[in-house]
Structure formats: structure tokens, C-alpha cells
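Student: Sequence lines, in order, name chains A and B. Going by the working numbering, the first residue of the first sequence is number 1, and it counts up by one from there. Going by the working numbering, the first residue of the second sequence is number 1, and it counts up by one from there.
Derived from the structure by calculation, the hints contain no laboratory data. Please note that the accuracy of each hint is not assured.
Below are the EDC-like pairs computed for lysine to aspartate or glutamate, each with C-alpha atoms no more than 20 angstroms apart in a straight line [unchecked claim]:
1) B:K89 with B:D34
2) B:K89 with A:D211
3) B:K89 with A:D330
4) A:K222 with A:D212
Restraint ranges, calculated between C-beta atoms of paired labels, are given here [claimed, not checked]:
5) B:L182 with A:G159: 54 to 64 angstroms
6) A:E105 with B:W82: 56 to 66 angstroms
7) A:L150 with B:G2: 26 to 36 angstroms
8) B:R130 with A:S160: 25 to 35 angstroms
9) B:V259 with A:S160: 17 to 27 angstroms
10) B:F116 with A:E105: 42 to 52 angstroms
Note that this is a predicted model, so its numbers are computed, not measured. Note that beta-carbon positions come from the ideal geometry of N, C-alpha and C, so glycine has one too.
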Amino acid sequence: MSAGAKSSTEAYVSDTGVSTGRRSAIAAAWLVFGALLLVFPILFSNPTVTTIAVFTLIYMTAATAWNGFAGYSGYIPLGHAVFFGVGAYTMALVSLHLNLQGGYEMFALVPLAGVAAAVIAVPFGLIALRTRRHTFVVITIAVFFIVQLLAFNLGFTQGSSGVQVATPLWTAASFNDRFYYAALVILLIAVLVSWGIRRSRFGLQLLAIRDDEDRARGLGVKVQRVKLLGFVLSGVTVGMVGALYAFFIGQIYPQFAFDPLFDVTIALMAFFGGLGTISGPLLGALILEPLQQYLTLQYSVGSLYLIIYGALFLIVILTMPRGIIPTIGDRLAMRRAERLGREESPSAAPVSPPVEVAPFSGAAR
Amino acid sequence: MGSSIIQAVIDGVLTGGVYALMAAGLTLIFGVMDIINIAQGIFVILGAYLSYALSVHAGIDPFLGLFITIPALFLIGIGVEWGFIRRLKEGDRTAMSILVTYAVSIIIEGVLNVSFSVNYVQIHAWYVNRSVHLFGFYLPYIYLFGFAMAAVLLIAIYALLYRTRFGASVRASLQDRTAARLVGIDVRRVSTICFGLGVAVTAAGGMVFGATNAFNASTSYDLISRLLAIVILGGLGSMGGALGAAVFMLVLEDVVAVVWSPVWATAVFFAALVVVLSVRPAGLFGRQVARAQ
Chain A
1 MSAGAKSSTE
11 AYVSDTGVST
21 GRRSAIAAAW
31 LVFGALLLVF
41 PILFSNPTVT
51 TIAVFTLIYM
61 TAATAWNGFA
71 GYSGYIPLGH
81 AVFFGVGAYT
91 MALVSLHLNL
101 QGGYEMFALV
111 PLAGVAAAVI
121 AVPFGLIALR
131 TRRHTFVVIT
141 IAVFFIVQLL
151 AFNLGFTQGS
161 SGVQVATPLW
171 TAASFNDRFY
181 YAALVILLIA
191 VLVSWGIRRS
201 RFGLQLLAIR
211 DDEDRARGLG
221 VKVQRVKLLG
231 FVLSGVTVGM
241 VGALYAFFIG
251 QIYPQFAFDP
261 LFDVTIALMA
271 FFGGLGTISG
281 PLLGALILEP
291 LQQYLTLQYS
301 VGSLYLIIYG
311 ALFLIVILTM
321 PRGIIPTIGD
331 RLAMRRAERL
341 GREESPSAAP
351 VSPPVEVAPF
361 SGAAR
Chain B
1 MGSSIIQAVI
11 DGVLTGGVYA
21 LMAAGLTLIF
31 GVMDIINIAQ
41 GIFVILGAYL
51 SYALSVHAGI
61 DPFLGLFITI
71 PALFLIGIGV
81 EWGFIRRLKE
91 GDRTAMSILV
101 TYAVSIIIEG
111 VLNVSFSVNY
121 VQIHAWYVNR
131 SVHLFGFYLP
141 YIYLFGFAMA
151 AVLLIAIYAL
161 LYRTRFGASV
171 RASLQDRTAA
181 RLVGIDVRRV
191 STICFGLGVA
201 VTAAGGMVFG
211 ATNAFNASTS
221 YDLISRLLAI
231 VILGGLGSMG
241 GALGAAVFML
251 VLEDVVAVVW
261 SPVWATAVFF
271 AALVVVLSVR
281 PAGLFGRQVA
291 RAQ
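Start from the sequences and build out the full structure, keeping to the hints where you can.
Tutor: See the structure below:
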């Protein structure tokens, strides 16, 4: 990789022009956020609230993991429910055959579910990553439907009657807390992995693939290997939360473990918050999942939540196509640039906001 | 066994014609606009529900009802294009279009669930459960009528594309949007009309689908994945490819259902897609990644 290309992509990674003061403010915000997540079950003990919180953590993890591949590489997989379902079935079937009774040992199956997801992710990725862009999207959807069908029809999955997972031994009062902290641990792993990818050479290679895959290949990036590794990594994490979900729910069915809505929900969350950022998918899931749970509880009969959910997403895409975090970041940067411009050269004309350069073909838009 | 395979091939060809019509709409939209319309599946179901409502509440025959439902879906398509698709930036239209049309799709799914409930329904008419006996094979009237209607509409689309001035501007936009704009074609207007047309055909396809299958709003997931499989297999943007792939896939599915098991027929449908794309990433009839790459 030539030095010039590297430094230009480097600018992508380290937020350009971030002052140390701002950096410590960001670090403080992360710490406060982490502390809030840590004490949340102590502050709120209402089981309805903590149940929603567990689901939210599961989706925050899944969206982060999805973004760790999609956001950096530019490939949009809509088949991650495969990993979620594989994780869920691993938890359910292995605990069934080992005759586990629903204690802490169940959580030991979570990493195993990650391994199972990886075993599925390798052939899945090898096939799907041969194609690009929209063909890739469609092939991930196709693989998803094949796997869902397998779950319905293979003997060992018990078909449409689903699998009963051992009931947790804990009392109802402390039931949710354990799942909450288990989910929080997986979320922490997911965020650290995503952050690590972003800081690493591997992450730079993924970003280079997003910008121009052919050029990245020309510069010596082993694109197939890099893409596959990114795909498998994100699949493993989603598989782990899938296992947690199965234990939490207590009963899994093919249509819920392999849910087409899951595929797009995590993508929506990542887009909503900001694709390719670390805080974006967290924020997206933090807003959308409680909203969906609330709407489902509130309007249990109708499908009103689908309408609100879709409308909200449409508004965000059309007004903030890059997601909340990057849009807010741009606004802040613009305001800071204006202020700096005034301070440094009071006599000069104010710095004009960055003008969006219309591409030639966009002239008639 | 032999005759049941032939029966399966006949059924596959007849239903494949209807799928070809729905897939043609999808591929037309992609070819002209680089838009993948994920909402195509829910539009089919919307068309089916409209025909169902007209026949149940107003007693209008489903085929006659098409004179109402096709223009209705054309207008809805134009509205969606005008309201949302047009506002996407040029840069990443394809990826964003998947999300926008998906959002449109779940909104419509919610509206349909609220207005028709989630119970499965099916369109009824005298020709739905009757069939004609010909050379030892049973040909359900609805398959015959549906195939004939699909053929007529496909020929009409063909004629529109290859025999009219408007068609020439569509084909020019298909080849190169910028160049088409330079020679004075109003590409935006062409895009809007094409989106409307691509959606309008789902009214016809949805009517036949709703008469041959029990459906509710969530059936659209199954439909859109099949339609996407068909257009990708045929090569995105290729009309002829969509027709060929639709018939190929439906025949394959029906034959597998007979010789192996109906349970696995759908899996074969998608497995065929995976196998073909592993060998030919551009699809069976696709131009070798001519655009948008």
C-alpha cells in the first residue's frame, strides 16, 4: 500500500481536526453512557422496562456487529438473521441434548453459538461475496430464505413446532437482570471489536474496499480474504446474541428465529444512527427498538407500529440520508468552522458552509 | 410419473408467465432508474387485495376489475416515485432505494394488516376452481386466463418499448441516462412513468396470484424474494432474461415438487439462484456488469 493512499484513508479514520479537548469530551460522554447502561437495572426494576432493555441491548449488539461489516466495507447484507437463528438453535438444541436445567451454565453455550454462526458464515460468505452491490444484497436474502426453509423442514430442528428452551432457574424478580448483564457483556465485546476494526489495518482495508474495490485489489489488498473475515466476524457476534435471545424467550420457532424483519431492522438501525460510525448503530437501536416494543405493547392488535416505523425511517432517509450521527457531526463542524473563521480573520468574509458539489449527471435533479 | 412431470411443466409455464409479468416490472424499474424496488412484493399483494375487495364488496369480476386496479397502482407508483425515489441523491441511489422502498413496503404492509386483518383470503370467481381437460391434462381456467393476460400485457409492454417514441426514450435512458438527457430526453419524466408502469403490472399479476394462492400482507416477503431471485437470475435490467428466468424457475419448482417433495421445491428455487450466481455473477442472461459497477 503506497504511503499516499494510506494517509488519505487515515484521514477517514482519525477524526480530522479533533482537538484534545473535544476528544476528552467524547471520551467522557462514552463513560457516562457506559455507566448509565451499567446502573440501568438498579434504577429501573419494572420487569416490562427491563425486558425492553434486554431486547434493546440485543439489537444494539446486532446492529453494531452488522455495521462492523456493512458500514466499513460498503456491502449491504440482508441475511444476518441466518446467524441470529443459527445461534438461537444452537442454544436451544445443545441445551436440550445436554439436558441442561437453565442455570448459569446456559450462558457457556453463547460462545459455542458464535462458533456455529462462524461455521455457517464461511460458506455463506464464500458464495455471496463473489458478487457485488445489489446482487450481493439479493443473494444474502436468498440464502436467508433457504436457511429458514431448512429450519422448517429438517428433522433435528423439530420443524414448525419449534424448540422449548430450559426455563431459567432464577426468581422472577432477578430474572431479567442476569440477561441484561449478559447482553451488556456481548455488547461490550461487539463495540470493542467494531472499534478495533476501525483502528486497525484490517479496517483500513475494508474502507478501501468500500471506496473502490478494484483499486484496493490493485494496491495489494487481499479483498476476498478481508471481506470474508469481516463477514464472519459480524456473523459470530450476531450468533451470540441469537443464543441469548433463545434462552431469554424460552421457546423458538423457525419464523421468529429466522425473521426477515430482523434482517432489515438491524440495517435500519445502523442507517438511522449513521452507517460506518461506532455510535450510530448504538443510537439507532437505542431509539428504534424501545419505540417498536412500546408501539407493539400499546397497539398489540393492529399493525400500527409497522406504519409508524416505516414512516419514521422514510423521514430519516430523506432528510438525513447519512444517518443522525454524521449529520449532526457535519452541522457541528460547520458551525465550528464558521466561528473559527470569524475569530481568526474578523475582517475577511465569513467562511461559507461547504457547498455540496453537484455531479454532472445530477444537474437536473 | 411421466405424465405428472409433463403436467408440472405445463403448470410451471402457465404460472411462470404471470411471474414473468411481475418480474418484468421490477427489471424495467431497475433498468431505467438503477432502483431495486423491494416494495414490488407488497404491491402485488396490494393489487390482489384491491381485486379481492372489488369482487367481494362490489361484485366486480377480477379480470374486469383490472381496469380499475391497474390505473390505481400506476398512480400509486407515480406517487411513490415522485414523493420519495426522486429525492434520493445520485451517488448511492441503488443502496438507498432498497431502504426507501423497503420502508414503503412495511408502511403498506401495516396499512393492509389494519384494513384487511392478517387472516388469509383468496379471490373467488367461477374460473378459479374449474379446469379444462385436454389431452389427459388438467388446465385450470385461471392459469390459462392468467397466462393469456400476462402474454397480452407483456406484448403491450414490448410494443410500447420498441414501437413508440416514448419507448425509444425509455431505451435510451436504459443505455445511458446522461447521454439521453443530452439529446433532450426528459429522463425524470421517463423514470416516473417507468416506475408507474413497473408497479402497474403488479395489479394484474397480483390478481392472478390472489386467485391461485391464499394470501395476506406478509406473503409479500415470499413474493419479493422470488421476484428478486428471478430478475437477478435473468440479469438485472434484461426483460428477456426476466421472462426466461421466470418460466425456468417456476417449471423447476413444479417439477421438483412432483419428483421429490413440495416441501423442498422452494429451497431448490433459491438454491438454483445461488448455484447460477456462483458460476455467472451477472446472471444467466445478464450483460456483463454493463452499468452501476
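Student: Hint compliance check: list the failing hint numbers for this structure, sorted ascending.
Tutor: Violated hints: none at all, because every hint is consistent with the structure.
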